[in-house]
Amino acid sequence: MTTTATTPPRPRAAIAERTLRTDRWWLAPLLTFLGLAGFLVYATVRIFVNDNYWVEEFHYLAPFYSPCLSESCAPGSSHFLGQPFPQLPSWMSPAMLVLALPGGFRATCYYYRKSYYRSFWLSPPACAVPDGHKKYTGETRFPLLIQNVHRYFFYAAVLVGLVLTYDAVISFHGKEGGFGIGLGSLILVVNAVLIWGYTLGCHSCRNIVGGRLTHFSKHPIRYWMWTQVGKLNKRHQLFAWLSMFSVVIADAYVWMVASGAINDLRIFN
Amino acid sequence: MTTRHFRVWRGDDQGGALTDYDVEVNEGEVVLDIVHRLQATQAPDLAVRWNCKAGKCGSCSAEINGKPGLLCMTRMNTFGPDETVTVTPVRTFPVMRDLVTDVSFNYEKAREIPAFAPPADLKPGEYRMQQVDVERSQEFRKCIECFLCQNTCHVIRDHEENKAAFAGPRFFIRAAELDMHPLDARDDRKEFAQEEQGLGFCNITKCCTEVCPEHIKITDNAIIPMKERVVDRKYDPLTWLGRKIFRRDQLESQK
Numbered sequence: 001m002t003t004t005a006t007t008p009p010r011p012r013a014a015i016a017e018r019t020l021r022t023d024r025w026w027l028a029p030l031l032t033f034l035g036l037a038g039f040l041v042y043a044t045v046r047i048f049v050n051d052n053y054w055v056e057e058f059h060y061l062a063p064f065y066s067p068c069l070s071e072s073c074a075p076g077s078s079h080f081l082g083q084p085f086p087q088l089p090s091w092m093s094p095a096m097l098v099l100a101l102p103g104g105f106r107a108t109c110y111y112y113r114k115s116y117y118r119s120f121w122l123s124p125p126a127c128a129v130p131d132g133h134k135k136y137t138g139e140t141r142f143p144l145l146i147q148n149v150h151r152y153f154f155y156a157a158v159l160v161g162l163v164l165t166y167d168a169v170i171s172f173h174g175k176e177g178g179f180g181i182g183l184g185s186l187i188l189v190v191n192a193v194l195i196w197g198y199t200l201g202c203h204s205c206r207n208i209v210g211g212r213l214t215h216f217s218k219h220p221i222r223y224w225m226w227t228q229v230g231k232l233n234k235r236h237q238l239f240a241w242l243s244m245f246s247v248v249i250a251d252a253y254v255w256m257v258a259s260g261a262i263n264d265l266r267i268f269n
Numbered sequence: 001m002t003t004r005h006f007r008v009w010r011g012d013d014q015g016g017a018l019t020d021y022d023v024e025v026n027e028g029e030v031v032l033d034i035v036h037r038l039q040a041t042q043a044p045d046l047a048v049r050w051n052c053k054a055g056k057c058g059s060c061s062a063e064i065n066g067k068p069g070l071l072c073m074t075r076m077n078t079f080g081p082d083e084t085v086t087v088t089p090v091r092t093f094p095v096m097r098d099l100v101t102d103v104s105f106n107y108e109k110a111r112e113i114p115a116f117a118p119p120a121d122l123k124p125g126e127y128r129m130q131q132v133d134v135e136r137s138q139e140f141r142k143c144i145e146c147f148l149c150q151n152t153c154h155v156i157r158d159h160e161e162n163k164a165a166f167a168g169p170r171f172f173i174r175a176a177e178l179d180m181h182p183l184d185a186r187d188d189r190k191e192f193a194q195e196e197q198g199l200g201f202c203n204i205t206k207c208c209t210e211v212c213p214e215h216i217k218i219t220d221n222a223i224i225p226m227k228e229r230v231v232d233r234k235y236d237p238l239t240w241l242g243r244k245i246f247r248r249d250q251l252e253s254q255k
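Protein chains in written order, with full-length UniProt numbering: chain A, 1 to 269; chain B, 1 to 255.
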């Protein structure tokens, strides 16, 4: 057995400044903080509103309340999944029953983890800027060890994507019945597309469809799927933000139409 | 030709400080050119480690205006005309003198990784692999071992106490390279990455990827896939069930 000489550890360079970065390194975490905080504020307000989430006339269902699974739901707003939950207490809205799934998917997403670790937890706020914590154990122990449940939320997010796709399809409902197209239909379609772009570009999805393989050559179909998911995965950050904005825009649009604040712009019927 | 203001950290393990210099800068030069000019004109005892001056040897890692980078790949025209340029040694490793640090931490971590283990029934010369199977591992072979990723990783940069338990991004790509290698016979790379290399310390804030001069997608292509492979083994009930039902853990061809 060979041995190597060990030398006592030497100190690091004595540099007084905590960071010597001269660029605007604080801008990205600040914008991220504002964006995510804005979303959280909107979501919190929205789940307590408990009204104006269903437009019977055009079959628009607000994404925050989809699927509507309680007997408390507005008439007509529950679709193929039915109403498995009973009447809810007055302080509780149907949105609270379902938002844990897409919320959990985003909270444990590898991109969002990066963004909130940097912008909320300052761990670190930017590269080569001190992380501001005395001790750091990362995701090695509870509670951050729970981030490994991202896989479960991915499975749930696929179901959520299917439901939002269904919502987009039924939104092509005319004022006088039958087929119709409104601005709301198009917004819900764009939202569903962006949600799928985000969901299918997920790192867990990339691993499941083929990333875990060692011999791509023995699994050509899974290799093809892996390459396609990889294309979305490269834009995961982009889809994370676009889908977050689109879900808010779609929800707010349905909210405004349902409340009568604006009229839906009808393109056909 | 212009004259530019530089601040260079001078000192050793006993202490040091930023020292001011005004130095000539010519069109097309990089920061390493300026450091060499300082050595030639004003500071002949200035210590700097360098070799290829082409971004391929990984020797001249430092921090320029606080950002980890290679001195030889940081062009002077990326700075404003009146901007002071501050050059310091990498912070995460012990300083030896001026811009030279002791990076032996990385070699110690490298030695801890079990070496490539070919299948027992293959002799040298009999290895056969398809390109599609090895190209993921090949991305990681671009690493020039500049250790900028190790330097910028806050897990050890800001927490010296984590050095014993954390191998760092450079060695996570080595772990991924071997785990994804079609001819590596070891089956415990994932467990090793989690339990011995401290994969869980990484909170995927991607600074390693940002500073990599070879543009290796360290986080997306190595660290996250390794985290996901650990989840496959330890946390995913569907994968666990599939392995049990189909006995995949016993079928080498399914890998």
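It is possible that some hints are incorrect.
As the list claims (entries may be wrong) - A few chain A residues that don't get close to chain B, going by computed Cβ distances all over 10 Å:
hint	residue
1	Pro11
2	Arg24
3	Leu31
4	Ser72
5	Gln83
6	Leu88
7	Ser90
8	Leu101
9	Leu144
10	Leu145
11	Ala156
12	Ile170
13	Phe179
What the hints assert, rightly or not - When the alpha-carbon atoms are kept at most 20 Å apart in a straight line, the in silico SDA-like pairs for lysine to any residue are as follows:
hint	chain 1	residue 1	chain 2	residue 2
14	A	Lys135	B	His159
15	A	Lys218	B	Pro119
16	B	Lys217	A	Lys218
17	A	Lys218	B	Gly242
18	B	Lys234	A	Tyr116
19	A	Lys114	A	Val149
20	B	Lys109	B	Ala47
21	A	Lys114	A	Arg10
22	B	Lys163	A	Arg235
In case anyone wonders, no lab produced these hints; they're calculated from the structure.
Note that the Cβ used here is the ideal one computed from N, Cα and C, for glycine as well.
The hints, checked one at a time:
Chain B draws Pro11 (chain A) into its interface by the beta-carbon criterion, the shortest separation being 5 Å against a cut-off of 10 Å. Here Arg24 (chain A) stays apart from chain B, with its beta-carbon at least about 12 Å from theirs, past the 10 Å limit. Distance check on Leu31 (chain A): its Cβ is at least 16 Å (rounded) from any Cβ of chain B, clearing the 10 Å threshold; non-interface status holds. Distance check for Ser72 (chain A) against chain B: the nearest CB is about 32 Å away, which clears 10 Å, and the non-interface claim stands.
Gln83 (chain A), annotated as away from the interface, keeps every beta carbon of chain B farther than 10 Å; the closest lies near 28 Å. The Cβ of Leu88 (chain A) sits about 30 Å from the closest Cβ of chain B, beyond the 10 Å cut-off, so the non-interface label holds. For Ser90 (chain A), the condition that its CB be more than 10 Å from all CB atoms of chain B holds, with the nearest at approximately 37 Å. Under the 10 Å C-beta cut-off, the non-interface status given to Leu101 (chain A) relative to chain B holds; the minimum distance is some 17 Å.
Chain B draws Leu144 (chain A) into its interface by the beta-carbon criterion, the shortest separation being 7 Å against a cut-off of 10 Å. Listed as outside the interface, Leu145 (chain A) is inconsistent with that label: its C-beta sits roughly 7 Å from the nearest C-beta of chain B, within the 10 Å cut-off. Residue placement check: Ala156 (chain A) keeps its beta carbon more than 10 Å from all beta carbons of chain B (closest about 12 Å). The beta carbon of Ile170 (chain A) sits about 30 Å from the closest Cβ of chain B, which is more than 10 Å, so the claim that it is off the interface holds.
Listed as outside the interface, Phe179 (chain A) is consistent with that label: its C-beta sits roughly 39 Å from the nearest C-beta of chain B, beyond the 10 Å cut-off. Between Lys135 (chain A) and His159 (chain B), the direct Cα distance comes to roughly 7 Å. Compliance with the 20 Å bound is thereby established for this hinted pair. At roughly 18 Å between alpha-carbon atoms, Lys218 (chain A) and Pro119 (chain B) fall within 20 Å of each other, so this suggested pair holds. A hinted pair counts as satisfied when its Cα atoms are at most 20 Å apart, and Lys217 (chain B) with Lys218 (chain A) does not qualify at roughly 25 Å.
Between the alpha carbons of Lys218 (chain A) and Gly242 (chain B) the distance comes to roughly 19 Å, so the proposed pair stays at or under 20 Å and holds. With a C-alpha separation of about 26 Å, the suggested pairing of Lys234 (chain B) with Tyr116 (chain A) is violated against the 20 Å cut-off. For a cut-off of 20 Å, the pair hint linking Lys114 (chain A) to Val149 (chain A) stands: about 16 Å separates their Cα positions. For the suggested pair Lys109 (chain B) and Ala47 (chain B), the alpha carbons sit about 26 Å apart, so the restraint of at most 20 Å is broken.
Pair hint Lys114 (chain A) plus Arg10 (chain A) does not hold up; C-alpha atoms about 32 Å apart against a cutoff of 20 Å. Among the hinted pairs, Lys163 (chain B) with Arg235 (chain A) is inconsistent with the structure: their alpha-carbon atoms are about 33 Å apart, more than 20 Å.
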